[in-house]
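K.L.:
Spelled out from the first residue to the last, the chains are:
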Amino acid sequence: MQGQQQQAYDRGITIFSPDGRLYQVEYAREAVKRGTASIGIRTAGGVVLAVDKRIRSSLMERTSVEKIHKADDHIGIASAGHVADARQLIDFARRNAQINRLRYGEPIGIETLTKDVTDHIQQYTQVGGARPFGVALIIGGIENGEPRLYETDPSGTPYEWKALAVGADRKEIEDYLEENYDEEMELESGIELALRALAEANEGKLRPESIGMATIPTETAEFTPISDDELDGYLSEFDLLAEEDEGDEESDE
Amino acid sequence: MQGQQQQAYDRGITIFSPDGRLYQVEYAREAVKRGTASIGIRTAGGVVLAVDKRIRSSLMERTSVEKIHKADDHIGIASAGHVADARQLIDFARRNAQINRLRYGEPIGIETLTKDVTDHIQQYTQVGGARPFGVALIIGGIENGEPRLYETDPSGTPYEWKALAVGADRKEIEDYLEENYDEEMELESGIELALRALAEANEGKLRPESIGMATIPTETAEFTPISDDELDGYLSEFDLLAEEDEGDEESDE
Amino acid sequence: MQGQQQQAYDRGITIFSPDGRLYQVEYAREAVKRGTASIGIRTAGGVVLAVDKRIRSSLMERTSVEKIHKADDHIGIASAGHVADARQLIDFARRNAQINRLRYGEPIGIETLTKDVTDHIQQYTQVGGARPFGVALIIGGIENGEPRLYETDPSGTPYEWKALAVGADRKEIEDYLEENYDEEMELESGIELALRALAEANEGKLRPESIGMATIPTETAEFTPISDDELDGYLSEFDLLAEEDEGDEESDE
Amino acid sequence: MQGQQQQAYDRGITIFSPDGRLYQVEYAREAVKRGTASIGIRTAGGVVLAVDKRIRSSLMERTSVEKIHKADDHIGIASAGHVADARQLIDFARRNAQINRLRYGEPIGIETLTKDVTDHIQQYTQVGGARPFGVALIIGGIENGEPRLYETDPSGTPYEWKALAVGADRKEIEDYLEENYDEEMELESGIELALRALAEANEGKLRPESIGMATIPTETAEFTPISDDELDGYLSEFDLLAEEDEGDEESDE
Amino acid sequence: MQGQQQQAYDRGITIFSPDGRLYQVEYAREAVKRGTASIGIRTAGGVVLAVDKRIRSSLMERTSVEKIHKADDHIGIASAGHVADARQLIDFARRNAQINRLRYGEPIGIETLTKDVTDHIQQYTQVGGARPFGVALIIGGIENGEPRLYETDPSGTPYEWKALAVGADRKEIEDYLEENYDEEMELESGIELALRALAEANEGKLRPESIGMATIPTETAEFTPISDDELDGYLSEFDLLAEEDEGDEESDE
Amino acid sequence: MQGQQQQAYDRGITIFSPDGRLYQVEYAREAVKRGTASIGIRTAGGVVLAVDKRIRSSLMERTSVEKIHKADDHIGIASAGHVADARQLIDFARRNAQINRLRYGEPIGIETLTKDVTDHIQQYTQVGGARPFGVALIIGGIENGEPRLYETDPSGTPYEWKALAVGADRKEIEDYLEENYDEEMELESGIELALRALAEANEGKLRPESIGMATIPTETAEFTPISDDELDGYLSEFDLLAEEDEGDEESDE
Amino acid sequence: MQGQQQQAYDRGITIFSPDGRLYQVEYAREAVKRGTASIGIRTAGGVVLAVDKRIRSSLMERTSVEKIHKADDHIGIASAGHVADARQLIDFARRNAQINRLRYGEPIGIETLTKDVTDHIQQYTQVGGARPFGVALIIGGIENGEPRLYETDPSGTPYEWKALAVGADRKEIEDYLEENYDEEMELESGIELALRALAEANEGKLRPESIGMATIPTETAEFTPISDDELDGYLSEFDLLAEEDEGDEESDE
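Residue numbers (our numbering), protein chains in the order written: chain E, 1 to 253; chain Z, 1 to 253; chain Y, 1 to 253; chain A, 1 to 253; chain P, 1 to 253; chain R, 1 to 253; chain F, 1 to 253.
Keep in mind that the hints were calculated from the coordinates and are not lab data.
A quick note: this is a predicted structure, and the numbers were derived from the prediction, not measured.
Do not take every clue at face value.
[To be verified] Residues from chain F that face chain R, not an exhaustive set, calculated with beta carbons under 7 Å:
| id | residue |
| --- | --- |
| 1 | R21 |
| 2 | E30 |
| 3 | A44 |
[Stated by the list, open to error] The calculated DMTMM-like cross-link candidates involving lysine to aspartate or glutamate, where the alpha carbons are at most 20 Å apart (straight line), are:
| id | chain 1 | residue 1 | chain 2 | residue 2 |
| --- | --- | --- | --- | --- |
| 4 | E | K115 | Z | D91 |
| 5 | F | K70 | R | E106 |
| 6 | Y | K171 | Y | E203 |
For each residue, glycine too, the CB sits at the ideal point set by N, CA and C.
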């Protein structure tokens, strides 16, 4: 389909093309690919979330590039794509998690929360007057003692994964994950796999300050950020520590 | 009708073309065809729902590719097309089923529920400010001890069927069903027919993990998912079990 | 008027063309012609409604192709055109009939009901934000012991008829009706006329399963569906019974 | 002004063209011309309304082609143009007449009612989101013992007339009226003038079944339909009775 | 600026062109010029309003071509341009005048009323969803014993005048007024000036039936229509009486 | 940027161009330039407002060309550009000034009032469904015994000035002001400077009737219009009095 | 991407381009670059805000070019880009800060306030009917005894910085800051760094009247404007004082 015809589907609201596609949703997926990669891995010992945080400048506070968020005590969310859109969805998720605690006196289920979010996303792809969300989320947490890991995409479809990547280099990272994933592995091995997978898309080496990581261990069911020191330790241990040099340009915006 | 003229009907809301067609509805039907096939079969012993679930990656949880849903104790719904749209309609159906139980103290009729859904769909094809739903549903269940099987299409028309397919390869599968369907057959034969019909569109063989199946037996009037083990058993029994190899690309999105 | 100029009237809401026409309404009339034929005949003995129901597949339940509806005890409605639109109007008619009984304790008049429906239709041709209804209705019933027969068209104009056809082959069928109609005939003769007229547009023969029929006799003032067996009897009696062969493609959608 | 430029004014809402015209209103006037003629004549003895009712088929009930309406006991309205639009305005007029009786305990004035209607029409030519009304009305009645006769046009302008025609052949009929009108004539002469004027546009002869007529006599101030028999009598008396032959195609829609 | 570019400003709402103009307002001014002339003259003895009323047909009631309106006891309004729009503004003016009497127990000021009207007009030039008013008003009356004379134009700007014309031939009539106006003249001289100015644009002669006139004398502060007989007297006196012949085509619509 | 591309930004609401400009706001600034000049000067002795009032006709009341308005006892506003828009903003300013007195029992601050107005203006440049205001205001007054002078532009930005001009010839007049302004000068010198600056843009001479002037002296803090006689005196004194001849065409509309 | 295609994304609301970009947001970023530079620096001793205020004319009051605002006692905000938009966001920030004090009896957190603002900004990039904000803010303040420094950009993304620049010459100034920033420096050194960085983009010299500066010292947590005299002192001390000459054209509008 060429430029001119495509144009027709960009102007108004999100509508079907003659071959049954929703271009605005597909373009929103492109917005996700423009963001740096985020990874989620489910292990027997809990969920690992890891993100690539390329910082534009050494003067920027690394912590303000938020790609991993605590949605509730037992739930973490990693995002890729349009950062401001991600914030909206994460606020939505937090409110829903909080309401669930208030109403039912118990933590919200991971699948329930995911579907609340995807239903919200879907509305923006069908009803006029707004554009779709240009972001994909990885929602991980512990439900009834079991680790769970979900993806939300810009169409509003929920998927459950053992391990996945969203954002730039998704294909390369998922290939690596498919080859190396083992459902039985411990949390520690999940951390290693996540870092090695991220390194795959970064010429084999990583700097702790350009990574974000958190786990939700099955045992504690508590969202647990990994500190820079810990990250430094892991990278050394796995021989993934990069020399000090300039990062590249790709960044979430 | 050529590209340029067609364009005119794509931009605004859903309106009639000079020959009396609603292009956005026809494009939504194309969205249905982009989804993998779903099948419904009504037998004397109950309703069979079977779906083709092609999984993008071995790391994706097969159960999260939801194409068969329990709408109420006695009703199952299979879908083909835009997954996020399907979720909206299924939530709508569930709410209506629940309200019926609360208000009248009895299970909702299959036809009643289907028409609630199609009336809802129709609104999105006539009133501006939203696009049609890009999904077809197969709604099956037991009403007054009788199995019933319906289809909803993107125009909002309800159809009752003895057996039908929606989504990719609809024509091929319906041809197979027409040839082999027998109104008097038992539930077990319905399961066999459903699997054989699905296999028709998959070069004759199936893998249990790329299939979803549920029945609503006349006797119990209970939505009953078929487990992977059972599926494996059926496929072996009917000599439909595929060798382990890569699936193809088609998937619901 | 050529393609390009016509285009101008298709995009926005329903507006007048330079020669004073409403294209969206005319296109909606084309949608009516795309549907199979429906017939209404008023006799001294009551109203006859007959419809052509071409079924896409032998697996489809014939009864689910609804083209004749009971709107109230004493009123039947046959439709041609966009099925999902017809359902909206028939629900609208039913609600109005019900409200009339509740409010005034008596059955609604046929003309009153027709005009309620056409006023509703007209709104969709004048106020923006929605398309016109792509359906024509034949509304027949008994009012004060007299049979009455009306048509609603997509512009929202009500017409009263002695006998009429809407949908495909309207012209041919109405020619036949004009030649053969007799205002004094009994209900039975009306049934014969309706079937012969339908046969005119079907190469002279009919199959009972591709026909729907109902009467509202003057005496009982009760909507009375004609069963398949009765239909089979009529077709044999009038020598209109078709051999078993494949139907053609035209169908309501 | 050529095709392309004109197009610009057709798309959106009713707006001014560079030469200060409102095209949608002018096109609505074309819709009026597409309808058959309606005539109003004011005599000392009362108001005469007469309409040309070309019936599409002998099976259509002539009375259902409504072009003369009783708006209140003392007021009749004849229309030309889009029938469904006319119905909206006549309902609006009836409601206003009724409210006037309820509120003030007396019949509404003819001029008051006309201006209520034209103000309503004007709104549809200025505020977006709807098209103008494609209909002209002739409103006639008795006010304080005096016959009054008004026209409403699609721009929402009220005009008072001694005698007028709207719809097809307006010019020819008005020429005839101007030549033959006499303000002092009695009601009977008004009836003759109306029929002769209609005949002018029908090759000199009329059939009673293709005419509608009503009077509002000054004396009774009661809307009084003229029956077919009376019409037949008048036509014979004035030597205007047509031989039985086919009517032409023009009809209100 | 050529056709194509101008088009851009016609489609949507009233917006600025690159050179800071509001085309829809300018086109509305063209609509004013399409109407016949109206004149206002302020004399020491009161305000004179005079209008050119070309009647389309001898059967039309001259009084129904309303171009001079009584807005309150002490205020008259003459209009030029789109008649139906004028009616809206005059109703708006009447309501405001009435509210003022109710609220403050005194007649509304002429300037106050004018500015109420122009503020209302301005809204239609700035806020989307409606077109500007295609009419200019001359508002004249007595305030605190002083005659006042105002104009409202389609942009919503109020102007105060000693004497002015709006509508067709504005330039010619205003030239005549500028030459012959004398601020100290009596009401009678104002009447003469108004008629002579109107005659200027009518080849020097006038017919009483194609003129409308009213005064609001300073002394009485009462809106006073001039009767046909009086007009005939004035025209004879000033030697402006036309021979009986056909009027030209221009008319307000 | 050429015609065609610019067009794109004119159609819809006020949106950014690729180089970060808001065309509708810039076009509104052109509307300001189309108006005659207005000047504001702040002196130790108070604020001077002076405006160029070119009158279209000798019959127009000069006082009705309002370019200087009293917003509150201590505040005057001069405008340039679209007169009807100016009236809206001045009404808005007056209401806000009045509310301030009612609520806090004290006169509103000049800066506070200016920012109320500019915030109101900004809304019309960001939210869809309306065009920006095509007018610039000079707001001058006394606050806590200090003269203050502000400008509002069509973007909604407030500026404080010692002396400024808006409207036609802004550049020339501001150049003159920059050369000749002295912050310490008395009110009388401010009046002279204002008149000399206006004369700069009028070939060195002025007529009292084409000027408007008002002061808000620091001492009295009372808005004080300058009468025609006073103006005549000033012009003679400063040798700026024009011979009687025709004015040019530029006028505010 | 060329002119024509880009056009498509400019017309309607903010939607995705085929490569996943939001053009209206990117154009809003261009609007930021059109404004003069603003700088924020976080030191151990507090936050420094410095802005480049190019004044169009010597008659404009320098203080009215507001680029540094006090949002609450402990928070300052510097802006770059569209001034009228900045005012909206700063009002929004002030209201939120005030509400926080009322509700919780304590000063709002800097990060909390920043995210309130960015969530507000994001809405304008996703929901139709308005354009994005064309402004970037630097929000600095003291929270729990710690200096914090944030940026909001037109997409609605919050960033935390040690030191940053927004507006014209961002790249050059940030390069200078990266080279010379030291996290441990005192407030005084932060002031020096800010002035030297501004000078980098102004050919090495600055005039006090074209600079604005404020600090929020860690110790006092009070927004503290730097007076012109202090500025003059700093510039002399750092040998940055410019000779008196004309400023260049760039200004915020």
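K.L.:
Could you check the structure against the hints above and give me the numbers of any it violates, in ascending order?
P.N.:
1, 3, 5
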